[in-house]
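When you get a sec, could you build the whole thing from the sequences and use the hints?
Chains as they are written, first to last, in this note's numbering: chain A, 72 to 193; chain B, 292 to 421.
Because the hints were derived from the structure by calculation, they are not lab data. Note that the Cβ used here is the ideal one computed from N, Cα and C, for glycine as well. All the pointers check out, no bait thrown in.
The calculated PhoX-like cross-link candidates involving lysine-lysine, where the alpha carbons are at most 25 Å apart (straight line), are:
| hint | chain 1 | residue 1 | chain 2 | residue 2 |
| --- | --- | --- | --- | --- |
| 1 | A | K167 | A | K82 |
| 2 | B | K321 | A | K82 |
| 3 | B | K396 | B | K321 |
| 4 | A | K163 | B | K321 |
| 5 | B | K321 | A | K167 |
| 6 | B | K321 | B | K308 |
Simulated coverage check for chain B against chain A, where a stretch passes if three residues somewhere in it have a Cβ under 8 Å from a Cβ of chain A:
| hint | region |
| --- | --- |
| 7 | 322–334 |
| 8 | 349–360 |
| 9 | 409–417 |
Heads up, incomplete: computed chain A residues facing chain B, CB under 7 Å, no partners named:
| hint | residue |
| --- | --- |
| 10 | I97 |
| 11 | V116 |
| 12 | T117 |
| 13 | F118 |
| 14 | A141 |
| 15 | V149 |
| 16 | A152 |
| 17 | G181 |
| 18 | Y187 |
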Amino acid sequence: MAEHYSSFEYKGTRWFLQRITAVFLIGVLAFHFMLLHFVNHAAEVTFLGTQARMQQVGYFGTMIAFLVTATFHGVNGVYNALINQGLTGTRKQVVKWVLVVASGVLIAQGVRTALYMAGIIA
Amino acid sequence: MSQSYDRGTIEDFGRWKEFSAGMWAWIFHKFSGWVLIGYLFTHIAVLSTATQSGTMYTQTIRGLESLAVVRVLEVGLLAVAVFHILNGVRLLFVDLGVGLEAQDKSFYASLVVSAAIVVASVPTFLAGAF
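Next comes the structure, spelled out in structure tokens:
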């Protein structure tokens with residue numbers, strides 16, 4: 072075994088962003104689960120309760136950041152997993168752009184939903 | 292001096308009986324990641340009922356939460372999320388060169404702590420489901 076090992080060296084922007092988003096998501100995902108299952112029970116969720124939370128600027132901003140980072144982290148993880156499975160060439164390019172478009176649609180729909188929840192659009 | 296040895300290709304799942312703790316950690320992390328990204332797309336689709344009306348949003352969530360199978364699936368979601376978080380913390384430390392010698396033990400710790408958190412959460416997740 073190596074006496075000292077670190078992969079924390081420059082390996083590209085996506086590699087770095089995957090780690091940065093991971094650090095953010097560790098906290099926010101745990102917070103999300105705690106808030107919506109232990110503080111407010113999921114079975115008792117109402118639109119008015121959701122709206123009250125989403126009308127707080129800090130909460131709204133955190134949820135938008137959660138959506139964007141989770142989408143990047145998840146979709147980039149899927150892309151990396153497929154590359155590990157041997158994805159190359161034209162198929163790699165097709166998969167990449169399908170994932171980019173899917174991410175864009177998910178984020179757009181998520182932001183649109185958040186705006187409805189906050190009552191900014193109705 | 293560093294020293295490496297060839298464990299073979301982890302993508303060759305047919306030799307799973309030979310896999311070490313680190314390889315299982317890799318597989319569980321990928322599996323839980325696939326579940327979580329699949330759930331994210333589903334979650335946004337369900338929450339999108341808010342764009343129709345507040346009443347539809349409330350009824351959809353309450354309707355889903357009234358199904359016991361959904362509550363059980365939520366416990367499964369909690370399990371993969373907690374494991375992905377704890378193993379992710381383990382991976383960040385390994386990336387920083389901390390605790391590599393104990394990476395197998397930290398994987399086992401991730402499993403045990405995940406199981407403990409999930410078991411402790413079951414009463415809250417299943418309250419009123421049956």
